[in-house]
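Residue numbers (the numbering used here), protein chains in the order written: chain A, 1 to 345; chain B, 346 to 690.
It should be emphasised that the hints constitute simulated quantities derived from the structure, not laboratory data. For each residue, glycine too, the CB sits at the ideal point set by N, CA and C. A few of these clues could be false.
As the list claims (entries may be wrong) - Only pairs whose alpha carbons sit at most 25 Å apart, straight line, appear in this in silico DSS-like list of lysine-lysine:
id, chain 1, residue 1, chain 2, residue 2
1, A, LYS93, A, LYS123
2, A, LYS2, A, LYS93
3, A, LYS330, B, LYS601
4, A, LYS207, B, LYS552
5, A, LYS256, B, LYS552
6, A, LYS148, A, LYS123
7, B, LYS675, A, LYS207
8, A, LYS136, A, LYS123
To be verified - Here are some chain A residues the structure puts well away from chain B; computed CB gaps all over 12 Å:
id, residue
9, ALA78
10, PRO110
11, LEU142
12, GLU176
13, VAL193
14, PRO243
15, LYS283
16, GLY286
2 protein chains.
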Amino acid sequence: MKLPQLLGIDLPIIQAPMAGVQGSALAVAVSNAGGLGSLPCAMLGLGAMREELAKIKAQTGKPFNVNFFCHTPPAPDAKREAVWRAALSPFYKKYGIDPGSIPAAPGRAPFSAEAADVLAEFKPAVVSFHFGLPSKELLARLRAWRPKVISSATTVEEALWLEAHGVDAVIAQGLEAGGHRGIFLSNDLSTQVGTFALLPQIARAVKLPVIAAGGIADAQGVAAAMALGAAGVQIGTAYMLCPEATTSAVHRAALKSEAARHTALTNLFTGRPARGIMNHVMKELGPISSAAPEFPLATSAIGPLRARAESEGSGDFSPLWCGQNASGCKEVPAAQLTLELAANP
Amino acid sequence: MKLPQLLGIDLPIIQAPMAGVQGSALAVAVSNAGGLGSLPCAMLGLGAMREELAKIKAQTGKPFNVNFFCHTPPAPDAKREAVWRAALSPFYKKYGIDPGSIPAAPGRAPFSAEAADVLAEFKPAVVSFHFGLPSKELLARLRAWRPKVISSATTVEEALWLEAHGVDAVIAQGLEAGGHRGIFLSNDLSTQVGTFALLPQIARAVKLPVIAAGGIADAQGVAAAMALGAAGVQIGTAYMLCPEATTSAVHRAALKSEAARHTALTNLFTGRPARGIMNHVMKELGPISSAAPEFPLATSAIGPLRARAESEGSGDFSPLWCGQNASGCKEVPAAQLTLELAANP
Numbered sequence: 001m002k003l004p005q006l007l008g009i010d011l012p013i014i015q016a017p018m019a020g021v022q023g024s025a026l027a028v029a030v031s032n033a034g035g036l037g038s039l040p041c042a043m044l045g046l047g048a049m050r051e052e053l054a055k056i057k058a059q060t061g062k063p064f065n066v067n068f069f070c071h072t073p074p075a076p077d078a079k080r081e082a083v084w085r086a087a088l089s090p091f092y093k094k095y096g097i098d099p100g101s102i103p104a105a106p107g108r109a110p111f112s113a114e115a116a117d118v119l120a121e122f123k124p125a126v127v128s129f130h131f132g133l134p135s136k137e138l139l140a141r142l143r144a145w146r147p148k149v150i151s152s153a154t155t156v157e158e159a160l161w162l163e164a165h166g167v168d169a170v171i172a173q174g175l176e177a178g179g180h181r182g183i184f185l186s187n188d189l190s191t192q193v194g195t196f197a198l199l200p201q202i203a204r205a206v207k208l209p210v211i212a213a214g215g216i217a218d219a220q221g222v223a224a225a226m227a228l229g230a231a232g233v234q235i236g237t238a239y240m241l242c243p244e245a246t247t248s249a250v251h252r253a254a255l256k257s258e259a260a261r262h263t264a265l266t267n268l269f270t271g272r273p274a275r276g277i278m279n280h281v282m283k284e285l286g287p288i289s290s291a292a293p294e295f296p297l298a299t300s301a302i303g304p305l306r307a308r309a310e311s312e313g314s315g316d317f318s319p320l321w322c323g324q325n326a327s328g329c330k331e332v333p334a335a336q337l338t339l340e341l342a343a344n345p
Numbered sequence: 346m347k348l349p350q351l352l353g354i355d356l357p358i359i360q361a362p363m364a365g366v367q368g369s370a371l372a373v374a375v376s377n378a379g380g381l382g383s384l385p386c387a388m389l390g391l392g393a394m395r396e397e398l399a400k401i402k403a404q405t406g407k408p409f410n411v412n413f414f415c416h417t418p419p420a421p422d423a424k425r426e427a428v429w430r431a432a433l434s435p436f437y438k439k440y441g442i443d444p445g446s447i448p449a450a451p452g453r454a455p456f457s458a459e460a461a462d463v464l465a466e467f468k469p470a471v472v473s474f475h476f477g478l479p480s481k482e483l484l485a486r487l488r489a490w491r492p493k494v495i496s497s498a499t500t501v502e503e504a505l506w507l508e509a510h511g512v513d514a515v516i517a518q519g520l521e522a523g524g525h526r527g528i529f530l531s532n533d534l535s536t537q538v539g540t541f542a543l544l545p546q547i548a549r550a551v552k553l554p555v556i557a558a559g560g561i562a563d564a565q566g567v568a569a570a571m572a573l574g575a576a577g578v579q580i581g582t583a584y585m586l587c588p589e590a591t592t593s594a595v596h597r598a599a600l601k602s603e604a605a606r607h608t609a610l611t612n613l614f615t616g617r618p619a620r621g622i623m624n625h626v627m628k629e630l631g632p633i634s635s636a637a638p639e640f641p642l643a644t645s646a647i648g649p650l651r652a653r654a655e656s657e658g659s660g661d662f663s664p665l666w667c668g669q670n671a672s673g674c675k676e677v678p679a680a681q682l683t684l685e686l687a688a689n690p
């Protein structure tokens, strides 16, 4: 089954949920254009989430997606936090930041019963998860309005796990994808596979529709994904320069520069591996550091460095999320981009 | 320009040169089927090379490719060799191997004036290189019969470099590919990009025909590569179970098993990163070890372990080269596989 039929949309395009660089505006634009717009909820409190959902409902009658992380929040670990702050101390010194003054950052909350209750008011057609799935009890709360449930697989094993746990479609997230890896059955990054290899193997392994993600930047990419067995695609990076995105000025500048050609998986910004443009702190500490605390606890300590650098127009300490193919980024309205992506090449 | 037109072949399929698992027989079968068969010369002495070329010439009148590495051989470094043998010493002990008894392995020689002289006797239609290009002086020796010269790029920068240095086509080697990474302008593996992202960006950056490699396992994969701008494809892993390949029994068993789903880049077997199926020694030392000497000097010390393990039917110390998509491996004649790969899906 192709994606439009499964999700009740016109075009086989999901706008990837991108926490931190977009809200309801991008989702509304994409859904109204016939794709599936997505609202990332990982960094929204319940109040903000309700506001954003209300805005979407007010501006479109089309299906949309809400996205949640579903990690188990770790217990704060004072020792690991101290190790992490020690690793960052040369930067604190440079900027004259007192580590003792650093507050807890907003962090990223997993899907919860309270979030499900808010969703029930708005009945989104699609709910997507990252890092596996929430508990059966939490999933059961979605039955009230029976949304389609989808989640990301980064290996064939994860795709089979998601199928066995009842999702309606699997996102095959290739190694090229920007932002957080959905990896959840392993911590071993050597298990991560490029889209060209992952997509056809997942498409053959599961009976469900498979959504391709990672490296898709234009209509040719969409056609190639379809040739490899995709029922549709999920595209993030290409949307980051759209006026409806809230991408920061330093992030936009990086996406438009040659720097966007070199991304890496890094755990420095949150504690979990995510793909972003290689920047100063990633070069200095190495993109993957054993000093970074568990997700999402790495965020607090690096936050003030990011804020200070950004206030000076620098992305040296910012998570500049980006996939390995930024060539599709265009400063055009998201509706136009969606139609271009879905055009037959 | 599509590959058949450029190279004078019928099908847009290059059989990837795979040193150690094939010789003339596979090349002959693929060329006679209408693809471009390849003879890997990196591990052949001049005499063996002449014999293999004579066999090809005797069995096909079709174009074929000869492939060479073009690294600069490092000076042996006794200190690094000692560090490397120390890293391997627990395994030597286990097998009762005396490290003092280990002879120099055949190693891998770069392209040379002598090799060019042998080639001139046979005038192959295509000469391909890995790790960049040999010197201008060496390349000039090929002018006697004007073969098409191609080489691998693992980044957009490498593709532009190869174009500036006069190649006739660029192989875009995605991160999914098995065997040695062609990377030559950097040592930083975080620069390596999946096929889905690399191919279209190289195709847009250069004016030359681009050959897609990495993760392509069947006719759908070929079609997807064409949709992303490829003039043709280079496929290796899928050929490794063909009867014409000389793939070892332990290697064939690994390719047919679930183990083939998990590959990694490793420098343990030669000193340069190459993709193979995760095995015992890769797990024990980590797939990338700073103890491994420079390419190709890592080979000698691990050789006896490989030989001993293989004599017991184990691939624990073998380079089990394999791409991230082994799903196309079939125990069918290479001619049949070539035609299947080139069939419109």
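Each hint, compared with the structure:
1. A:LYS93 x A:LYS123: 49 Å, violated
2. A:LYS2 x A:LYS93: Violated: LYS2 (chain A) and LYS93 (chain A) sit about 54 Å apart, past 25 Å.
3. A:LYS330 x B:LYS601: At roughly 44 Å apart (the allowed maximum being 25 Å), LYS601 (chain B) and LYS330 (chain A) break the hint.
4. A:LYS207 x B:LYS552: The hint is violated at about 41 Å.
5. A:LYS256 x B:LYS552: 23 Å, holds
6. A:LYS148 x A:LYS123: Holds, because 11 Å separates the two Cα atoms, which is no more than 25 Å.
7. B:LYS675 x A:LYS207: 23 Å, holds
8. A:LYS136 x A:LYS123: At roughly 19 Å apart (the allowed maximum being 25 Å), LYS123 (chain A) and LYS136 (chain A) satisfy the hint.
9. ALA78: 30 Å, holds
10. PRO110: About 28 Å separates PRO110 (chain A) from the closest Cβ of chain B, which puts it past 12 Å; holds.
11. LEU142: 32 Å, holds
12. GLU176: Violated, since 4 Å does not exceed 12 Å.
13. VAL193: 5 Å, violated
14. PRO243: 25 Å, holds
15. LYS283: It is violated; LYS283 (chain A) is separated from chain B by about 10 Å at its closest Cβ, not greater than 12 Å.
16. GLY286: 9 Å, violated
In summary, the numbered hints that this structure violates are 1, 2, 3, 4, 12, 13, 15 and 16.
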